[in-house]
Amino acid sequence: MKLILKRIYREEDIEILRKAIRRKYGRMEKIKKLMQIKKCAMPDLGEAYLMKLAIDEGSGIEEEVIIEDRKVLNHLSAKRFELMEFLNKNNPMSLKELAGKLGRDYKNVYDDVSSLSNYFVVNVIKFGRETVPVGIVESMQIRV
Amino acid sequence: MWGDFMLKIKRYMLSKDEMAEAMEYFKGERMRYYIYSYKIHKGRKWVTLVRLDNLDGMEHMDIYDENGNYMETREFPRKKFDDFVKIVKTFRRNIIAVDISNL
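Listed in order, the protein sequences are those of chains V and W.
The working numbering puts the first residue of the first sequence at 3, with every later residue one more than the last.
The working numbering puts the first residue of the second sequence at 124, with every later residue one more than the last.
What the hints contain is simulated information worked out from the structure, not anything from laboratory work.
Be a bit skeptical, because a hint or two may be false.
25 Å max Cα-Cα, derived DMTMM-like pairs, lysine to aspartate or glutamate [stated by the list, open to error]:
{"no.": "1", "chain 1": "V", "residue 1": "34", "chain 2": "W", "residue 2": "195"}
{"no.": "2", "chain 1": "W", "residue 1": "133", "chain 2": "V", "residue 2": "70"}
{"no.": "3", "chain 1": "W", "residue 1": "150", "chain 2": "V", "residue 2": "31"}
{"no.": "4", "chain 1": "V", "residue 1": "35", "chain 2": "W", "residue 2": "182"}
{"no.": "5", "chain 1": "V", "residue 1": "21", "chain 2": "W", "residue 2": "127"}
{"no.": "6", "chain 1": "W", "residue 1": "133", "chain 2": "V", "residue 2": "65"}
{"no.": "7", "chain 1": "V", "residue 1": "40", "chain 2": "W", "residue 2": "127"}
{"no.": "8", "chain 1": "V", "residue 1": "128", "chain 2": "W", "residue 2": "140"}
{"no.": "9", "chain 1": "W", "residue 1": "150", "chain 2": "W", "residue 2": "205"}
{"no.": "10", "chain 1": "W", "residue 1": "165", "chain 2": "V", "residue 2": "66"}
{"no.": "11", "chain 1": "V", "residue 1": "41", "chain 2": "W", "residue 2": "222"}
{"no.": "12", "chain 1": "W", "residue 1": "202", "chain 2": "V", "residue 2": "49"}
{"no.": "13", "chain 1": "W", "residue 1": "165", "chain 2": "V", "residue 2": "49"}
{"no.": "14", "chain 1": "W", "residue 1": "212", "chain 2": "V", "residue 2": "64"}
{"no.": "15", "chain 1": "W", "residue 1": "139", "chain 2": "V", "residue 2": "87"}
{"no.": "16", "chain 1": "W", "residue 1": "202", "chain 2": "W", "residue 2": "141"}
{"no.": "17", "chain 1": "V", "residue 1": "40", "chain 2": "W", "residue 2": "189"}
{"no.": "18", "chain 1": "W", "residue 1": "209", "chain 2": "V", "residue 2": "49"}
{"no.": "19", "chain 1": "V", "residue 1": "41", "chain 2": "W", "residue 2": "188"}
Next comes chain V alone, as it looks inside the complex:
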């Protein structure tokens, strides 16, 4: 079994990614300098560099997630699809805002997002103390 998910990033999502990278690593010059010093010692840095380069050059970002583990199906439910549909139709927001707009308990929303993000069904960005789901799911297929 394979679950194949395609996600795209809107300008609003890319802005969140930009802010998160800036907060963690600083400006592009600093990232480049760190890469020269650290070389390959910090693998996350190379990823941040590529992401920042893409953002600065105004490129699109698209993502495909292929999940071979059928246990992922245990993480899907009607309530969680409802949450994903809501995320698709709205700008990125913190889990606290999300819980408020959905009229649901924060802990349940947190648990749902954590569960889905284990398999990158939802992609979240840690932003200081906040967790923000980013990107919209364009398609999801299950192949047997």
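Fit chain W to the known structure of chain V by using the hints.
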């Protein structure tokens, strides 16, 4: 809408705790940069064990221990991501103990 540039991310989840990840940066049809990683989920974060990339203009492979500490860099010929996934699926967490550069 986005012009010529595109960042394509591909995540191949072998389990909840293991994935092969590709980040490929394209200008038009041409891939300028890539990073292919095999990562394990440890504690609350993803730790890279093996990484292939051409960020500094040279194809190479970096190897890290299970805590994410850098161990060594080896020469590694260019591979397609699908081939990298096949290697990862074969060796899983033992990948750091195997010389995969000739595969």
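Hint check, failures only: 7
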